[in-house]
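J.: The chain contents come next:
Protein chains: 2
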Amino acid sequence: MVLVRPRNPLNIGAAARALANFGSSDLVVVAPYEPTWREARSAVGAEPLLQTARAVPKLLEAIGDCQLVIGTTTGARRHCERELISLDRFPAWLRRRKARGRVAWLFGSEKTGLSNDDLSHCHVWVRIPTASDCPSMNLGQAVAVCCYELARSALVHPNAPAIKTSPSAPANVQTLAHLLERTIHILDASSYFTPKGRQAQILKLRRFLLDLELTQHDARVLGAAVAQIEWRIAKSSARTGKPA
Amino acid sequence: MVLVRPRNPLNIGAAARALANFGSSDLVVVAPYEPTWREARSAVGAEPLLQTARAVPKLLEAIGDCQLVIGTTTGARRHCERELISLDRFPAWLRRRKARGRVAWLFGSEKTGLSNDDLSHCHVWVRIPTASDCPSMNLGQAVAVCCYELARSALVHPNAPAIKTSPSAPANVQTLAHLLERTIHILDASSYFTPKGRQAQILKLRRFLLDLELTQHDARVLGAAVAQIEWRIAKSSARTGKPA
Numbered sequence: 001m002v003l004v005r006p007r008n009p010l011n012i013g014a015a016a017r018a019l020a021n022f023g024s025s026d027l028v029v030v031a032p033y034e035p036t037w038r039e040a041r042s043a044v045g046a047e048p049l050l051q052t053a054r055a056v057p058k059l060l061e062a063i064g065d066c067q068l069v070i071g072t073t074t075g076a077r078r079h080c081e082r083e084l085i086s087l088d089r090f091p092a093w094l095r096r097r098k099a100r101g102r103v104a105w106l107f108g109s110e111k112t113g114l115s116n117d118d119l120s121h122c123h124v125w126v127r128i129p130t131a132s133d134c135p136s137m138n139l140g141q142a143v144a145v146c147c148y149e150l151a152r153s154a155l156v157h158p159n160a161p162a163i164k165t166s167p168s169a170p171a172n173v174q175t176l177a178h179l180l181e182r183t184i185h186i187l188d189a190s191s192y193f194t195p196k197g198r199q200a201q202i203l204k205l206r207r208f209l210l211d212l213e214l215t216q217h218d219a220r221v222l223g224a225a226v227a228q229i230e231w232r233i234a235k236s237s238a239r240t241g242k243p244a
Numbered sequence: 001m002v003l004v005r006p007r008n009p010l011n012i013g014a015a016a017r018a019l020a021n022f023g024s025s026d027l028v029v030v031a032p033y034e035p036t037w038r039e040a041r042s043a044v045g046a047e048p049l050l051q052t053a054r055a056v057p058k059l060l061e062a063i064g065d066c067q068l069v070i071g072t073t074t075g076a077r078r079h080c081e082r083e084l085i086s087l088d089r090f091p092a093w094l095r096r097r098k099a100r101g102r103v104a105w106l107f108g109s110e111k112t113g114l115s116n117d118d119l120s121h122c123h124v125w126v127r128i129p130t131a132s133d134c135p136s137m138n139l140g141q142a143v144a145v146c147c148y149e150l151a152r153s154a155l156v157h158p159n160a161p162a163i164k165t166s167p168s169a170p171a172n173v174q175t176l177a178h179l180l181e182r183t184i185h186i187l188d189a190s191s192y193f194t195p196k197g198r199q200a201q202i203l204k205l206r207r208f209l210l211d212l213e214l215t216q217h218d219a220r221v222l223g224a225a226v227a228q229i230e231w232r233i234a235k236s237s238a239r240t241g242k243p244a
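Chains R and C, in that order, are what the protein sequence lines are.
Just so we're aligned, residue 1 is where the first sequence starts under the working numbering, counting upward by one.
Just so we're aligned, residue 1 is where the second sequence starts under the working numbering, counting upward by one.
No wet-lab data here; the hints were simulated from the structure.
Each hint should be verified, as a subset may be incorrect.
Because identical chains cannot be distinguished in the list, a pair is counted as satisfied if it fits within a single copy or across any two copies.
[Said to hold, decoys possible] Dumping the calculated SDA-like pairs for lysine to any residue here, alpha-carbon to alpha-carbon at most 25 Å:
no., residue 1, residue 2
1, Lys-196, Arg-100
2, Lys-111, Lys-235
3, Lys-111, Leu-187
4, Lys-111, Arg-220
5, Lys-111, Ala-43
6, Lys-111, Ala-46
7, Lys-111, Gly-23
8, Lys-111, Asn-8
9, Lys-58, Arg-239
10, Lys-204, Arg-97
11, Lys-111, Arg-41
12, Lys-111, Arg-239
13, Lys-111, Glu-39
14, Lys-235, Thr-36
15, Lys-235, Gly-45
16, Lys-58, Gly-223
17, Lys-58, Gln-228
18, Lys-111, Leu-10
19, Lys-235, Cys-134
20, Lys-235, Gly-223
21, Lys-111, Asp-133
22, Lys-204, Gln-216
Could you build all of it, start to finish, from the sequences and the hints given here?
T.: So, in structure tokens, the structure goes:
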């Protein structure tokens with residue numbers, strides 16, 4: 001479970017408790033407000049799990065080794081370019097998916113939830129089926145409900161390691177992020193992006209890349225192709241004297 | 001949902017939030033610590049639901065009009081004389097049950113959970129399937145998880161009214177409590193109880209009575225029989241001069 005920019009130490013503590021309740025020991029906190037994080041860990045009766053939890057500055061550091069990323073959202077954002085699944089239907093969705101490997105489950109901050117950028121890293125968006133007149137759950141309770149659903153459906157082992165051995169294993173987030181970064185580099189050099197739309201276009205590319213469900217092998221093949229194109233562009237830039 | 005002797009205003013607030021999240025508006029708090037209850041209701045951003053929630057001194061006042069009572073417990077108490085069902089199996093259990101009517105779902109205090117006496121009022125005990133090394137959940141999170149399971153399985157409408165119209169409707173708690181009270185009276189007069197075992201024997205009788213799944217009609221028939229026995233004993237006491 002990954003808490004992105006949580007603000008309330010009680011919620012961090014409650015999330016840790018829920019994880020312990022359902023047999024998971026893997027908590028990562030992204031860019032917590034420093035006093036909040038300190039307070040959560042030093043609280044009287046704090047979960048032992050909080051002592052081993054990692055705090056990292058960037059989301060990618062939390063999910064780099066994961067092969068499936070799930071984002072929780074109330075679905076209030078209008079531009080839903082991705083499948084939004086009710087939590088109770090998530091087990092069926094997961095069963096249809098070929099491979100899983102290491103899973104990250106993202107929860108946004110209490111006030112704003114996950115940002116568009118956070119959500120663009122997710123393979124699927126999950127919505128807890130709350131009432132339309134009171135959709136937004138308390139963070140600790142949302143974590144507890146998701147942990148319960150995972151335990152109930154017994155689909156994802158809370159501490160499952162990444163699938164590493166086979167080239168047919170799903171590519172992890174770090175590999176895909178690297179591929180996207182090089183692709184953006186090429187597209188910048190090719191004047192593909194419009195100045196205003198660049199950020200939104202990158203989010204779309206990221207979603208597109210995730211939807212391909214690339215294996216490690218696929219990602220290597222694509223990476224080699226991208227490297228060649230990079231080389232070709234750099235060469236031509238050197239010739240014309242223009243920067244790549 | 002019924003919170004029995006909650007101690008932490010944050011937990012009361014969190015429970016109310018979970019109810020609102022899952023479309024329920026029915027919260028009763030039994031014998032709350034008075035400052036706790038005041039603080040929970042006056043908290044900044046308190047759920048509107050807390051303004052309409054009832055606080056009652058005794059459990060029976062909270063569940064009197066209910067026809068099915070569910071108790072949550074970690075199952076740590078050894079003398080489990082009642083079926084203990086994992087929350088994820090509760091929907092199947094409920095489907096097998098003939099009638100439901102108005103349902104009360106009990107949660108005990110943060111420290112001690114539900115007492116043996118509280119549990120003896122329950123038709124079934126439910127356990128959230130937590131890890132054995134960290135079984136005890138935070139109260140607000142436990143409420144959220146149970147609300148989610150009810151919403152997911154769509155079995156119990158959160159604000160369902162009691163079934164009143166038919167004699168074949170299940171007898172409610174108040175009717176059964178009254179029947180038990182009169183029965184105890186008779187058994188006291190008949191020197192049935194042992195001085196030390198009286199309380200435990202009463203709990204057993206209550207469980208036995210619940211397991212009969214009496215209808216309103218059944219309860220009336222039994223009530224009439226009990227009334228006759230009471231009358232007979234009172235008459236003989238009057239004759240012998242002994243108190244009934």
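J.: Can you give me the call for Lys-111 and Ala-46, within, between, both or neither, at a CA distance of at most 25 Å?
T.: both (23 Å within a copy, 16 Å between copies)
J.: Using 25 Å as the alpha carbon limit, work out where Lys-58 and Arg-239 are close: within a copy, between copies, both or neither.
T.: Intra 38 Å, inter 87 Å, cutoff 25 Å: neither.
J.: Is it within a copy, between copies, both, or neither that the alpha carbon of Lys-58 lies no farther than 25 Å from that of Gln-228?
T.: neither (29 Å within a copy, 77 Å between copies)
J.: Between copies, within a copy, both or neither: which fits Lys-235 and Thr-36 at Cα up to 25 Å?
T.: neither (50 Å within a copy, 72 Å between copies)
J.: Could you place Lys-204 and Gln-216 in one of the four classes (within, between, both, neither) given a Cα distance threshold of 25 Å?
T.: within (21 Å within a copy, 62 Å between copies)
J.: How would you label the pair Lys-111, Ala-43 (within, between, both, or neither) given a Cα cut-off of 25 Å?
T.: both (22 Å within a copy, 18 Å between copies)
J.: Taking 25 Å as the upper bound on the Cα-Cα distance, should Lys-111 and Arg-239 be classified as within, between, both, or neither?
T.: Neither, since 51 Å and 75 Å both go past 25 Å.
J.: Within a copy, between copies, both or neither: where do Lys-111 and Leu-187 come within 25 Å Cα-Cα?
T.: neither (35 Å within a copy, 60 Å between copies)
J.: Go through the copies and call it for Lys-204 and Arg-97: within, between, both or neither, with a Cα cutoff of 25 Å.
T.: Within one copy only: 21 Å inside a chain, 50 Å across chains, cut-off 25 Å.
J.: Have a look at Lys-235 and Gly-45 and pick one of within, between, both or neither, based on CA distance no larger than 25 Å.
T.: For Lys-235 and Gly-45, the Cα distance exceeds 25 Å both inside one copy (61 Å) and across copies (61 Å).
J.: Can you give me the call for Lys-235 and Cys-134, within, between, both or neither, at a CA distance of at most 25 Å?
T.: The answer is neither: 57 Å in one copy and 60 Å across copies each exceed 25 Å.
J.: For Lys-111 and Glu-39, with the copy left unspecified, which applies at a CA distance of at most 25 Å: within, between, both, or neither?
T.: Both ways: Lys-111 and Glu-39 sit 19 Å apart in one copy and 23 Å across, limit 25 Å.
Against the hints set out earlier in the document, violations occur for numbers 1, 2, 3, 4, 9, 12, 14, 15, 17 and 19.
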